[in-house]
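Take the given structure of chain A and dock chain B to it, following the hints.
Respectively, the protein sequence lines represent chains A and B. Terminal number for the first sequence in the working numbering: 360, no gaps in between. Terminal number for the second sequence in the working numbering: 280, no gaps in between.
Certain hints may be false.
To be verified - Below 20 Å or equal to it, Euclidean Cα-Cα: the simulated EDC-like pairs (lysine to aspartate or glutamate) are:
1. A:K118 / A:D129
2. B:K190 / A:E199
3. A:K118 / A:D136
4. B:K63 / B:E192
5. A:K188 / B:E235
6. A:K225 / A:D298
7. B:K190 / A:E206
8. A:K341 / A:E287
9. A:K341 / A:E351
10. A:K118 / A:E106
11. B:K190 / A:E180
12. A:K188 / A:D280
13. A:K188 / B:D75
14. A:K338 / A:E321
15. B:K63 / B:D75
16. A:K188 / A:D270
17. A:K188 / B:E192
18. A:K341 / A:D307
Unchecked claim - Output of the computed footprint for chain A on chain B, the stretches with three or more beta carbons under 8 Å from beta carbons of chain A:
19. 36 to 45
20. 179 to 185
21. 190 to 200
To be verified - Computed far set for chain A versus chain B, every beta-carbon distance over 12 Å:
22. K188
23. T212
24. G241
25. V255
26. Q289
27. S313
28. M350
In case anyone wonders, no lab produced these hints; they're calculated from the structure. Glycine residues also receive a C-beta, built at the ideal position from the N, C-alpha and C atoms.
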Amino acid sequence: MTRIRLEFHNVTKRFPARKRIDPPVVAVQDVSFTVADGEVVSIIGPSGCGKSTLLNMGSGLDPASVGEVFVDGELVTRPNEHVAFMLQKDLLLPWRTIRENVELGLEIQGRPTQDRHRIAEELLVKCRLQDFIHHYPHQLSGGMRQRAAMARTLAVDPAVLLMDEPFSALDAQTKMVLQQDLGRTLAETQKTALFITHDLAEAIALSDRVLVMSQRPGTIIEEIRVDIPGRDNPMERRKSPKVGPYVSALMELLHIDQAVA
Amino acid sequence: MNAILPQASTQRMMIGSVLLLILFLAAWQWLPGLLGIPAFIIPPASKVWSEFLHMLANDRLVYHAVVTALQVLAGFVLGVILGMVVGFVLGMSPTAEFMLSPYILALQIAPKVAFAPLFVIWFGYTVYPKILVAVLIVFFPVMINVLGAVRAIDPDIVRLARSFTASRLQVFWKIEFPAAMPPFFAGLRIAATLAVIGVVVGELVGGNTGLGYLLTFGEGAGNTAMVFVAIILLTLIGIVLYGVIVFIEGRVLHYLPARARKTA
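This is chain B alone, in the form it adopts within the complex:
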């Protein structure tokens, strides 16, 4: 986008963004007070900030945030690998897809977060229930996109490769795998946001670590500012993961025309 716009215009837009942020923070700080909204409903920005500093010092905030982030990462990576493998297998084998599709559909329709209590029963207050919910919730968008991509490949391209005496493995690595990359990354973007949801639900249901635990703790203590801090940090984890995906996507899909890539 920056390439198209003249520099002066970009600068003006930057100034506009900063001003908007200041306006937002100011409104957060003073507007609730002016409207008579008590601090336990919407704590002002300064209160949330001081709570953040307090939690850093007293509540092992860094530890909880790191636990959540690592669970998100583990769930995301495992779910993506599983989704990709199953997506390719089903995409290449219509028989397997026909036989498995009712189960996959059922599992896709079932609200994945509802599995959280079940996983807690199975694995107790460990990291596993959280990671499992994330895996389950990340799996589908990745699998569906990879499956769709493999299906959408022009059969003539595969025939062309085969006419060059390509083996099945060569068709996969030279045609099917790279052809699936654009939809795969679209799936990853969705999955990045879902992974955070999966882990938080797991933490809400049971356990004594992670930002989800701090959410329930803050709720129980009537500490609204603590809830705000946890929500903001969870959002930050999601943003970082999403940003990393977009960065890698830009590297991998560099061959796409610029306008096709700039969807973020």
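The following block holds chain A by itself, in its conformation from the complex:
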């Protein structure tokens, strides 16, 4: 049996309401799922369904109200070195060069300088940014900046990568290139990832499984195993005739057709 890397066990998250008399807002209701070693799982759902809340609980920044989150069997109570996250915004620090940005996590974790340089430079080569190591973020395009953010996330060698719509701010073509980069990198490094997106085709192209969430209070209403070969090559996978039926199934689950009518 494969090892479980990330586990959500009956997790509920409530936020206090704006007015004190109102009942608290339930963002996520009784969510349970696991992500096995080397697996890539996407979560899709309508906006405001608590996808990002799940991610915040996974990273330990925001504790669950009820239930537990485990990473590598350890209960997550605060930020830890096993998890790293990546957002839609690249969050690169303008005063650091690209290499220094990639080294941020390693620096915080107190790794020696030589190690940091070596790891950062290796990853920047992988992310095809070797010519921009000493550039500043403002000198790079949006796609390059997001690739640098990816390198920064991978640099700390996390057991689980948490990604919150990392490509949604990019144009359609850049997005496909980065999806390809991510698919290949995840396969090469055999990383485990939880990927939040609202792009159905992206979810299918990149993941082994797709979890579908309902409207708030968000809960998992369906799990779909993506049975298309070549997860390491999202570009090819997109071309598979099986993608269409999966997208239709997801559209139905999310009631997208009803929203149009």
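This is chain B only, laid out in the frame that chain A set:
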């Protein structure tokens, strides 16, 4: 700017600047006389120059200028340190800001130079009242800019650092402190000019040293040229301080795109 313009054009601009300076000095020298303005209202440039030389020889001008410059420097440095520390503390603690903001606002609105007589009463004809006025006047632009910068930091950047298991101290040194640098330097530029004002007001109110003292002395003696000399030297002190700030800023904020930095 020089990088963009062709060299010939830069040269022409330099010649233009020099010509303008000569024109200005010539106008200063002869125009008041031609318009019938007496020398005790606007002394001609040559008169101010000879007064300058006279003051160097007889009035310990260098001593007074150095006293003023050192007071400006002391007031500036202390005010900047205080402004930076308070700005960071208030920026990181909304509770502290909420509780202290009425006092800070009141102190900010109060004309700082009005404190000069009070400080003279407290500390007498020493360097302290001058330095204190400068500290008070320098404090605000620095504090407000640092406070605003800390507030403007994207909370997701802090969350990112925390997800990498950063401690509070690491978040400060790796995120908050460097993020505050551009507005901090904008505050320093304003503070550099204000520091001179603070010290001069302190010297005008009481004391027998510094360029501010020479201003009142010149006024009392009806020596307009002396007043001009003091004003020019005070301006020079301000320009030097401002120039040093711009130089350091260029070094520290080298990572900013060129167009963002060229605001001087």
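**Report entry** Hint numbers contradicted by this structure
**Finding:** Numbers 1, 3, 4, 5, 6, 8, 10, 13, 14, 19, 22, 25 - these are the hints that the structure violates, sorted from lowest upward.
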